[in-house]
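4 protein chains.
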Amino acid sequence: MSRTFEEWAQELVQAGHILYAQGMVPATSGNFSARLAPDSIAITVSGRHKGHLTTADIMQIDAVGRSRDGKRPSAETALHLQLYRRFPDAHVVLHHHSLHATLISQFEKDRIIFENYELLKAFPDIDTHASRMEVPVFANDQDIPRLAKKVEKYMIAHPSIHGYLISGHGLYTWGDSVETALKYVEAFEFLFKCELMKRGVRSP
Amino acid sequence: MSRTFEEWAQELVQAGHILYAQGMVPATSGNFSARLAPDSIAITVSGRHKGHLTTADIMQIDAVGRSRDGKRPSAETALHLQLYRRFPDAHVVLHHHSLHATLISQFEKDRIIFENYELLKAFPDIDTHASRMEVPVFANDQDIPRLAKKVEKYMIAHPSIHGYLISGHGLYTWGDSVETALKYVEAFEFLFKCELMKRGVRSP
Amino acid sequence: MSRTFEEWAQELVQAGHILYAQGMVPATSGNFSARLAPDSIAITVSGRHKGHLTTADIMQIDAVGRSRDGKRPSAETALHLQLYRRFPDAHVVLHHHSLHATLISQFEKDRIIFENYELLKAFPDIDTHASRMEVPVFANDQDIPRLAKKVEKYMIAHPSIHGYLISGHGLYTWGDSVETALKYVEAFEFLFKCELMKRGVRSP
Amino acid sequence: MSRTFEEWAQELVQAGHILYAQGMVPATSGNFSARLAPDSIAITVSGRHKGHLTTADIMQIDAVGRSRDGKRPSAETALHLQLYRRFPDAHVVLHHHSLHATLISQFEKDRIIFENYELLKAFPDIDTHASRMEVPVFANDQDIPRLAKKVEKYMIAHPSIHGYLISGHGLYTWGDSVETALKYVEAFEFLFKCELMKRGVRSP
Chain A
1 MSRTFEEWAQ ELVQAGHILY AQGMVPATSG NFSARLAPDS IAITVSGRHK
51 GHLTTADIMQ IDAVGRSRDG KRPSAETALH LQLYRRFPDA HVVLHHHSLH
101 ATLISQFEKD RIIFENYELL KAFPDIDTHA SRMEVPVFAN DQDIPRLAKK
151 VEKYMIAHPS IHGYLISGHG LYTWGDSVET ALKYVEAFEF LFKCELMKRG
201 VRSP
Chain B
1001 MSRTFEEWAQ ELVQAGHILY AQGMVPATSG NFSARLAPDS IAITVSGRHK
1051 GHLTTADIMQ IDAVGRSRDG KRPSAETALH LQLYRRFPDA HVVLHHHSLH
1101 ATLISQFEKD RIIFENYELL KAFPDIDTHA SRMEVPVFAN DQDIPRLAKK
1151 VEKYMIAHPS IHGYLISGHG LYTWGDSVET ALKYVEAFEF LFKCELMKRG
1201 VRSP
Chain C
2001 MSRTFEEWAQ ELVQAGHILY AQGMVPATSG NFSARLAPDS IAITVSGRHK
2051 GHLTTADIMQ IDAVGRSRDG KRPSAETALH LQLYRRFPDA HVVLHHHSLH
2101 ATLISQFEKD RIIFENYELL KAFPDIDTHA SRMEVPVFAN DQDIPRLAKK
2151 VEKYMIAHPS IHGYLISGHG LYTWGDSVET ALKYVEAFEF LFKCELMKRG
2201 VRSP
Chain D
3001 MSRTFEEWAQ ELVQAGHILY AQGMVPATSG NFSARLAPDS IAITVSGRHK
3051 GHLTTADIMQ IDAVGRSRDG KRPSAETALH LQLYRRFPDA HVVLHHHSLH
3101 ATLISQFEKD RIIFENYELL KAFPDIDTHA SRMEVPVFAN DQDIPRLAKK
3151 VEKYMIAHPS IHGYLISGHG LYTWGDSVET ALKYVEAFEF LFKCELMKRG
3201 VRSP
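Protein chains in written order, with this note's numbering: chain A, 1 to 204; chain B, 1001 to 1204; chain C, 2001 to 2204; chain D, 3001 to 3204.
No wet-lab data here; the hints were simulated from the structure.
Heads up, a few of these hints could be off.
To be verified - Across the chosen pairs, the derived CB separations fall in these ranges: (1) B:Asp1176 - C:Pro2145: 45 to 51 Å; (2) A:Lys150 - B:Ala1075: 17 to 23 Å; (3) C:Ser2160 - B:Ser1160: 42 to 48 Å; (4) A:Val64 - D:Lys3071: 46 to 52 Å; (5) D:Pro3038 - A:Gln142: 18 to 24 Å; (6) B:Pro1159 - A:His17: 56 to 62 Å; (7) D:Arg3066 - A:Lys109: 53 to 59 Å; (8) A:Gly65 - D:Arg3072: 31 to 37 Å.
Glycine included, each C-beta is placed from N, C-alpha and C at the ideal position.
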């Protein structure tokens, strides 16, 4: 899949527009990246309006997070790099900040369990609604490398994972393409909304 | 109504775009079909993004579900075929996976009753708000032919039916055209939302 | 204000598109009219998709509801006519079927009181948030002339009124133009949403 | 930043379209201004549909609120002027009337506290989610100069402030540009929604 930096940057720009239009990255929150090659990652510059992204808002870093084009890498870069190291097939990481991801991450201390949803089949290695999917919730932390270590430690113990939440901060998910990662974003958002609505809903 | 496969495929594509824009078919869920002739049905290929459908995502099957063009039929085909056998006037079947259909199907075990809504008049053979409409809820099942048999058995006992829910999975509805079926989708979605909001709402 | 039937029809068509886009007239519900002259009213034909309206979906009736162009008047015509008789300055009547109008009309038996909203100032003869606005709720009735008589009787006793609800059926509001009536629709929808959310909201 | 009145007016027009599209300024509510120069402010004329604004709906006033172009200033002008006097770096003031701002302002008597949200970092002088942001709630008042005095008195005691609510009336926020002020609008709206949803949500 040897695509140019420009092509990947354009895909990340479009992902930003889609996620902004859906209200998932308010007030310049969120960040997205794509792995071009083992030592080359395209990633959004910090603090840009995700609905107004252009390819000028995408920078290039290497596999340990050093800038390759003079622009300043985001503080959250270490979280993207941890995922690329752990998942060789991941080419895209999306981090958003939706209302539902933020809220549900504040209701559950350590993890959320999703069961009996047909939509779980949107994720690989789940082929029946009778499956059960666990999404961990990590406490927020301004020390990002420390947080990345926590996430890595969890993933070693729980290899079958498709996304994680940071409390009061949002969702990280990844896939082999922008299309796949956006599909997971959509499925997670649906599941978060279902679970939140259940907590506010009583029998008549 | 002798329209070509291409014309019907285009209508299903537009139905997909409309339903995706309304958030009803997230993460490639949902499927739609149209009966062209007694032995010819156009149906969406499995796993395609419903907001990005093109006519290349619509395949052709016969009345017992065998592929007529080499593409692989969806697992849920048997549910569409059961409806075409039972309802000679049905030319379109729409299955979506909206949040509200999914949620309400998890709250009610066997059926949901809707009463006193003027909007019930959107359905045929109801001409007053004082009517009562029953929507059955079937337990989800990965064995689709078995589920189709259950649905058929219910419909023999309850011939006046306009849609049914599969628990945690969504709604099936049908009509003589895409326009009619989309009208029923809209009416059901409205009724589901009303009932869900009532369960979360108390007098002050 | 001597505008042609065609010009008024086009305004009603646009009102339909706006209200449909906002989800207020699902499944062909709702109806809109405009008074061209004392004996000439443009009104939507029954059962048309309000988001797909064209001027062919607008018919002409006289002041007592008789068709002037061969098309069949809606069953709800009498409710429009009652408003034109009572309010000489009203040139437009809008009836919609929003989720919030439907729900709140099922929670309150006879009337809803709105107090302490700055947005009440959107209505004439209210110039402070400290005002109080009453919106009556009438029981639904398939006998429309009988319902129109009830509404007329209420209005004689309560002359300062800007809209009313029919239980499980929606809102009627009116104004001197489509722009004014749509402003009232917006204000009512805001107030209905506020009151509904309050009923589902508790202090932590 | 020496831009013409026309350029600032166009920015306010676009802000109005954006806020209307997001449902935040229903029924002609809301008002926006920009400071061109120490004695020259562009401000929306009262009572215009904010989604249909043109530069003809933007007027010019001086630093004490006197009209410079013959149009009639809004009643709420004094609130904009108080902010321009207090914050020399503020070039834009946005006042909207969203459902969530209105509702949450009716639930809290004097102030709302936001804690543990990563999105607090959207505001200046907050660089960790562990911060705490206070948003005061003022009782509504038709005597606007009196209300402006109350706001000024509060701000002298609480200099680190980025927005305030008027009960049942909405939010005032400001920034050095339309882009910055809209970012704050977005961040506040997110926080209001979170807090409102928490009040309606219970553990299962």
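Here is how each hint holds up against the structure:
| no. | hint | result |
| --- | --- | --- |
| 1 | B:Asp1176 - C:Pro2145: 45 to 51 Å | 33 Å, violated |
| 2 | A:Lys150 - B:Ala1075: 17 to 23 Å | 39 Å, violated |
| 3 | C:Ser2160 - B:Ser1160: 42 to 48 Å | 46 Å, holds |
| 4 | A:Val64 - D:Lys3071: 46 to 52 Å | 60 Å, violated |
| 5 | D:Pro3038 - A:Gln142: 18 to 24 Å | 39 Å, violated |
| 6 | B:Pro1159 - A:His17: 56 to 62 Å | 48 Å, violated |
| 7 | D:Arg3066 - A:Lys109: 53 to 59 Å | 58 Å, holds |
| 8 | A:Gly65 - D:Arg3072: 31 to 37 Å | 57 Å, violated |
Figure legend: structure checked against the earlier numbered hints; hints not met, in rising order: 1, 2, 4, 5, 6, 8.
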